[in-house]
Amino acid sequence: MTVMDQVANIAYSLIIPVAVLFGFIMLNAAYLSYMERKVLAHMQARMGPMMTGWHGILQPIADGVKLFFKEDIIPAKADKWLFSLAPVLLLIMSIAAFVAIPFGPPTDFYGILSNKVPLWLTNLNVGILYVLALASVGTYGVIMAGWASNNKYSLLGGFRSAAQMISYEIPMAFAIITVVLLAGSLNLAEIVNAQSEKWFIIVLPVGPVAFLLYLISGVAETNRAPFDLPEAETELVAGFFTEYTGMRFAMFFMAEYANMVVISLLVSILFLGGWMPVQILPNTWLGGMPPVSWINGLFRLMPPVLWLLGKVYFLLFFFIWLRATLPRLRYDQLMAFSWKFLLPLSLATLLTTAVMKQMGLL
Amino acid sequence: MIGRVKKLFNTVFLIEIGKGLALTLRTMLKPAVTRQYPREKRKPFAGSRGLHAMRRDDSGQKERCIGCGLCEAVCPADAITVITAEGPDHEKIVSSYELNLLRCVFCGFCIDACPVSAIQMTPEFELACTSRKDAFYTKERLVKIGDKYMGGKG
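For the protein sequence lines, the chains are A and B, in the order given. Under this note's numbering, residues 1 to 362 are what the first sequence spells out, in order. Under this note's numbering, residues 1 to 154 are what the second sequence spells out, in order.
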């Protein structure tokens, strides 16, 4: 193998996928803010950004340029190292989660490439555990930001965020374990493959419950409405990132949007069949018969990646939709909901799944 | 009993949240009520109280104001200052008529008070200015606005 071959190999297997993935994350982080503003505006009979480009399509770029040139203020009494480390840590943790997420089965892009390439960077055996672990480390970023700002409101905001994130991680983890039991694997690609016949959301009786548990915890985990107490724009200034300006502030936002994408990807992968196409009726039950099988066959023509991304964007739209609809919870309601309702329910779901699995009912 | 079952059903299947989501989705499909202001301006309503204007007298040579000072007297915000003097033919002339828009509350009392309908209101509402001086409307400026809206006639 010559040096050129090795360079080509590295480019082929590492640099290009990383570049594509990073581009995807950054584009999402930028344009989700646009999507959020637009959807939210129209749900409130407004128009949202309209001045920059066609229907304000260049707004994220304008925002980015603005934030980039803003003065970078570090409060005089802040802990400078932690203050600058916190947003970076948070952003890195949310970006790192994408590494283990499979976007589709290995493909040769309809014959463009000579051999099939996987649509993931690494296919970890413990993929879901890795993603969950990164989400927990992200909580440190929040606490760090609150502490390092040396502002009592930031600190309280940081504590509130951390308490919320830790509380909702538990039902979330139990919902995930339910899926892991159903799929028999921690590997995300295998979890998707286990849903080729039946998505986990329609595995009665536990599927829909686990799905809702995960969805609710996911919304709370990403600190989004109706669980956006850490931020609570109408009540607090911004919670733990009150003191941040310019690019550091932008990093928190990018991390939030990247987290939303991660949660949407996970919901799609764990419950909505990942890149499996929609079947209007399952193959085993009436699905093989002509009119139904034609539609199912038509759905199968669409590339799997687009199915996954379609589900992801629907979920992202759903998160924004929720924000436009539901009022914010009170802090005690938030905690009581997690510990007194979601946690027992998730435990019951897990137990039911385990028992039914053992009896061979699932 | 039926009510409790219904309530339980509503809670378990998140009926109320579903209703809320349906409402926001319906609103989203309706057209927005926003007016893209600097680009598309609303036609002012009849009788809207905007910037003041001074009409010309019947000769069309000078302002119609007779310098009675009633507008100055009635103005609740003390925005108007009228100074009169004696002219060459011993008639009363208005040597200075000044409207301070920084004080004006656009109540329209000056218009009601004027015995000769010399001062009027126009639908002009874009009154932002970059210097304090621009907020003071002298007699000449007011007449110019009157010309713009009433075509220079008496």
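Derived by calculation from the structure, the hints in this document are not laboratory data. One thing to keep in mind: the hints can contain errors.
[Said to hold, decoys possible] One-sided and incomplete, this derived list gives chain A residues near chain B with beta-carbon spacing under 7 Å:
| # | residue |
| --- | --- |
| 1 | 40 |
| 2 | 45 |
| 3 | 47 |
| 4 | 187 |
| 5 | 325 |
| 6 | 327 |
| 7 | 328 |
[Stated by the list, open to error] BS3-like mimics (lysine-lysine), calculated; alpha carbons at most 30 Å apart, straight line:
| # | chain 1 | residue 1 | chain 2 | residue 2 |
| --- | --- | --- | --- | --- |
| 8 | A | 66 | A | 80 |
| 9 | B | 133 | B | 148 |
| 10 | A | 340 | B | 7 |
| 11 | B | 6 | A | 340 |
| 12 | B | 30 | B | 92 |
| 13 | A | 198 | A | 66 |
| 14 | B | 19 | B | 7 |
| 15 | B | 62 | B | 92 |
| 16 | B | 92 | A | 198 |
| 17 | A | 66 | B | 92 |
| 18 | B | 19 | A | 340 |
| 19 | B | 41 | B | 92 |
| 20 | B | 62 | B | 6 |
| 21 | B | 144 | B | 133 |
| 22 | A | 198 | A | 357 |
Ideal Cβ positions, reconstructed from N, Cα and C, are used throughout, including at glycine.
Hints, one by one, checked against the model:
Interface hint status for residue 40 of chain A: violated, as the beta-carbon distance to the closest one in chain B is roughly 9 Å, over 7 Å. Because the closest C-beta pair between residue 45 of chain A and chain B is about 5 Å apart, less than 7 Å, the hint holds. Annotation: residue 47 of chain A was flagged as interfacial toward chain B, and the flag holds, the nearest CB pair being 4 Å apart, inside 7 Å. The criterion of a C-beta within 7 Å of any C-beta in chain B is not met by residue 187 of chain A, whose closest approach is roughly 32 Å, and the hint is violated.
For the restraint placing residue 325 of chain A at the interface with chain B, the shortest Cβ-Cβ distance is roughly 4 Å, inside the 7 Å limit, so the hint holds. Violation of the interface hint for residue 327 of chain A is found here, the shortest Cβ-Cβ separation to chain B being roughly 9 Å, above the 7 Å cut-off. Checking residue 328 of chain A against chain B by beta carbon gives a least distance of about 14 Å; that is not within 7 Å, so the hint is violated. Restraint check for residue 66 of chain A and residue 80 of chain A: satisfied, since their Cα atoms lie roughly 23 Å apart, inside the 30 Å limit.
A threshold of 30 Å between alpha carbons decides the hint, and for residue 133 of chain B with residue 148 of chain B the separation of about 21 Å falls inside it, so the pair holds. Taking the CA atoms of residue 340 of chain A and residue 7 of chain B, the gap is about 20 Å. The hint holds against a cut of 30 Å. For the hint pairing residue 6 of chain B with residue 340 of chain A, the CA-to-CA distance comes to about 23 Å; that is within 30 Å, so the pair holds. Using a Cα cut-off of 30 Å, the hinted pair residue 30 of chain B and residue 92 of chain B is violated, with the two alpha carbons roughly 62 Å apart.
Using a Cα cut-off of 30 Å, the hinted pair residue 198 of chain A and residue 66 of chain A is violated, with the two alpha carbons roughly 47 Å apart. Annotation: proposed proximity of residue 19 of chain B to residue 7 of chain B holds, straight-line Cα distance about 15 Å (limit 30 Å). A distance of roughly 13 Å separates the Cα atoms of residue 62 of chain B and residue 92 of chain B; the hinted pair therefore holds under the 30 Å criterion. In summary, the hint linking residue 92 of chain B to residue 198 of chain A is not supported, as the alpha carbons are separated by about 96 Å, beyond the 30 Å threshold.
Distance check on the hinted pair: residue 66 of chain A and residue 92 of chain B sit about 60 Å apart at the alpha-carbon level, beyond 30 Å; violated. For the suggested pair residue 19 of chain B and residue 340 of chain A, the alpha carbons sit about 25 Å apart, so the restraint of at most 30 Å is met. Pair hint residue 41 of chain B plus residue 92 of chain B does not hold up; C-alpha atoms about 42 Å apart against a cutoff of 30 Å. Between the alpha carbons of residue 62 of chain B and residue 6 of chain B the distance comes to roughly 80 Å, so the proposed pair goes past 30 Å and is violated.
Restraint check: the Cα-Cα separation between residue 144 of chain B and residue 133 of chain B comes to about 17 Å, which is no more than 30 Å; the hinted pair holds. The straight-line distance between the Cα atoms of residue 198 of chain A and residue 357 of chain A is roughly 16 Å, inside the 30 Å bound, and the hint therefore holds.
In this structure, the earlier hints numbered 1, 4, 6, 7, 12, 13, 16, 17, 19 and 20 are contradicted, and the remaining ones agree with it.
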